[in-house]
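**Q** Okay, here's what each chain looks like letter by letter:
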Amino acid sequence: AQSVAQPEDQVNVAEGNPLTVKCTYSVSGNPYLFWYVQYPNRGLQFLLKYITGDNLVKGSYGFEAEFNKSQTSFHLKKPSALVSDSALYFCAVRVEDSSYKLIFGSGTRLLVRP
Amino acid sequence: EAQVTQNPRYLITVTGKKLTVTCSQNMNHEYMSWYRQDPGLGLRQIYYSMNVEVTDKGDVPEGYKVSRKEKRNFPLILESPSPNQTSLYFCASSLNFGGNTEAFFGQGTRLTVV
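If you're matching them up, the sequences are chains A and B in order.
According to the numbering used here, the first sequence is numbered sequentially starting from 269.
According to the numbering used here, the second sequence is numbered sequentially starting from 128.
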């Protein structure tokens, strides 16, 4: 079965420190991986995606993600966290069956303290 | 501005009273879908549509209906809502159903069924 796991419900980090939000996946076929962010009372906003090519993907707001095929991981990173980065983050994989749906992880709440 | 618009944003209703949540996108996207978001479960797909008059069930379709008479609109219909359909609902659209296309999400509809 295809799935996405985000092992941490919450990540706490101090402003200015690097942050990592973890994601592992299980898919058959090519993994099309995405990160989305959800701010309070807002919809999901696309951050970045991995399709093929470089394992380090750069996205919006200074975020990047590292694809690791051997570890089936796609961790979200940022070198220096901002208080405004505090939000709910979702990792997702698009399946290649007839639905082409996105399968989401359970989400990780990022809290950046001043 | 390119966007996915859902209405209403908030809705409280009683068990058994039919309701419709509207969704419209202005990006000429082919693929549209509905998700529900529940704590600890991430987002799960309810229904999807690959184009006009082409719809199919997602992972949690029970109690829901959809239609796609026009490319831009994809309403979600609850014929007889029940309390277990209390959730946060998101409409999403993608240019097509290719694996590498990101989804654009509406701002969400918070539904409470009492």
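Some hints here could point you the wrong way.
Lysine to aspartate or glutamate pairs mimicking DMTMM-like chemistry, simulated, CA-CA at most 25 Å apart [stated by the list, open to error]:
hint, chain 1, residue 1, chain 2, residue 2
1, B, Lys144, B, Glu157
2, A, Lys317, B, Glu157
3, B, Lys192, A, Glu276
4, A, Lys317, B, Glu206
5, B, Lys144, B, Asp186
6, B, Lys184, A, Glu334
7, A, Lys345, A, Asp277
8, B, Lys184, B, Glu128
9, B, Lys198, A, Glu334
10, A, Lys290, B, Glu197
11, A, Lys290, A, Asp277
12, B, Lys196, A, Glu276
13, B, Lys145, B, Glu229
14, A, Lys337, A, Asp322
15, A, Lys326, B, Glu206
16, B, Lys198, A, Glu364
17, A, Lys337, A, Glu283
18, A, Lys290, B, Glu180
19, A, Lys317, A, Asp353
20, B, Lys184, B, Glu157
21, A, Lys345, A, Asp365
22, A, Lys290, A, Glu334
23, B, Lys198, B, Asp183
24, A, Lys290, A, Asp353
25, B, Lys196, B, Asp183
26, A, Lys345, B, Glu229
27, B, Lys196, B, Asp186
28, A, Lys337, A, Asp365
29, A, Lys317, B, Asp186
30, A, Lys337, B, Glu229
31, B, Lys184, B, Glu206
32, A, Lys317, B, Glu180
33, B, Lys192, B, Glu180
34, B, Lys192, A, Asp365
35, B, Lys184, A, Asp365
36, B, Lys144, B, Glu189
37, A, Lys317, B, Glu189
38, A, Lys317, A, Glu332
What the hints contain is simulated information worked out from the structure, not anything from laboratory work.
**Q** The structure should be examined with respect to each hint, and the outcome stated for every one.
**A** Evaluated hints:
1. Lys144(B) x Glu157(B): With a Cα-Cα distance of about 31 Å, the restraint between Lys144(B) and Glu157(B) is violated, given a limit of 25 Å.
2. Lys317(A) x Glu157(B): Satisfied, since the Cα-Cα distance of roughly 20 Å is no more than 25 Å.
3. Lys192(B) x Glu276(A): Given that 25 Å is the threshold and the Cα spacing comes to 34 Å, the pair is violated.
4. Lys317(A) x Glu206(B): Measuring from Cα to Cα gives roughly 36 Å; hence the hint is violated.
5. Lys144(B) x Asp186(B): Given that 25 Å is the threshold and the Cα spacing comes to 24 Å, the pair holds.
6. Lys184(B) x Glu334(A): Distance ~33 Å between Lys184(B) and Glu334(A) Cα, so the pair is violated.
7. Lys345(A) x Asp277(A): Judged against 25 Å, a Cα distance of about 16 Å means the pair holds.
8. Lys184(B) x Glu128(B): 30 Å, violated
9. Lys198(B) x Glu334(A): Distance of about 36 Å is beyond 25 Å: violated.
10. Lys290(A) x Glu197(B): Cα-Cα ~39 Å, so violated.
11. Lys290(A) x Asp277(A): 10 Å, holds
12. Lys196(B) x Glu276(A): Violated. Lys196(B) to Glu276(A) sits at ~41 Å, over the 25 Å cutoff.
13. Lys145(B) x Glu229(B): 32 Å, violated
14. Lys337(A) x Asp322(A): 12 Å, holds
15. Lys326(A) x Glu206(B): This hinted pair is violated, its Cα atoms lying about 43 Å apart.
16. Lys198(B) x Glu364(A): Judged against 25 Å, a Cα distance of about 23 Å means the pair holds.
17. Lys337(A) x Glu283(A): 30 Å, violated
18. Lys290(A) x Glu180(B): 39 Å, violated
19. Lys317(A) x Asp353(A): 18 Å, holds
20. Lys184(B) x Glu157(B): At roughly 17 Å apart (the allowed maximum being 25 Å), Glu157(B) and Lys184(B) satisfy the hint.
21. Lys345(A) x Asp365(A): 29 Å, violated
22. Lys290(A) x Glu334(A): 10 Å, holds
23. Lys198(B) x Asp183(B): 15 Å, holds
24. Lys290(A) x Asp353(A): Satisfied, since the Cα-Cα distance of roughly 16 Å is no more than 25 Å.
25. Lys196(B) x Asp183(B): Roughly 14 Å separates the two Cα atoms, so the pair holds.
26. Lys345(A) x Glu229(B): 19 Å, holds
27. Lys196(B) x Asp186(B): Judged against 25 Å, a Cα distance of about 22 Å means the pair holds.
28. Lys337(A) x Asp365(A): Given pair Lys337(A), Asp365(A) holds - Cα atoms ~21 Å apart, limit 25 Å.
29. Lys317(A) x Asp186(B): 23 Å, holds
30. Lys337(A) x Glu229(B): Judged against 25 Å, a Cα distance of about 21 Å means the pair holds.
31. Lys184(B) x Glu206(B): Holds - the C-alpha atoms of Glu206(B) and Lys184(B) are around 16 Å apart, at most 25 Å.
32. Lys317(A) x Glu180(B): Roughly 29 Å between the alpha carbons, so the hint for Lys317(A) and Glu180(B) is violated.
33. Lys192(B) x Glu180(B): 13 Å, holds
34. Lys192(B) x Asp365(A): 21 Å, holds
35. Lys184(B) x Asp365(A): 13 Å, holds
36. Lys144(B) x Glu189(B): Status holds; Cα separation ~16 Å.
37. Lys317(A) x Glu189(B): Distance ~31 Å between Lys317(A) and Glu189(B) Cα, so the pair is violated.
38. Lys317(A) x Glu332(A): The hint holds at about 9 Å.
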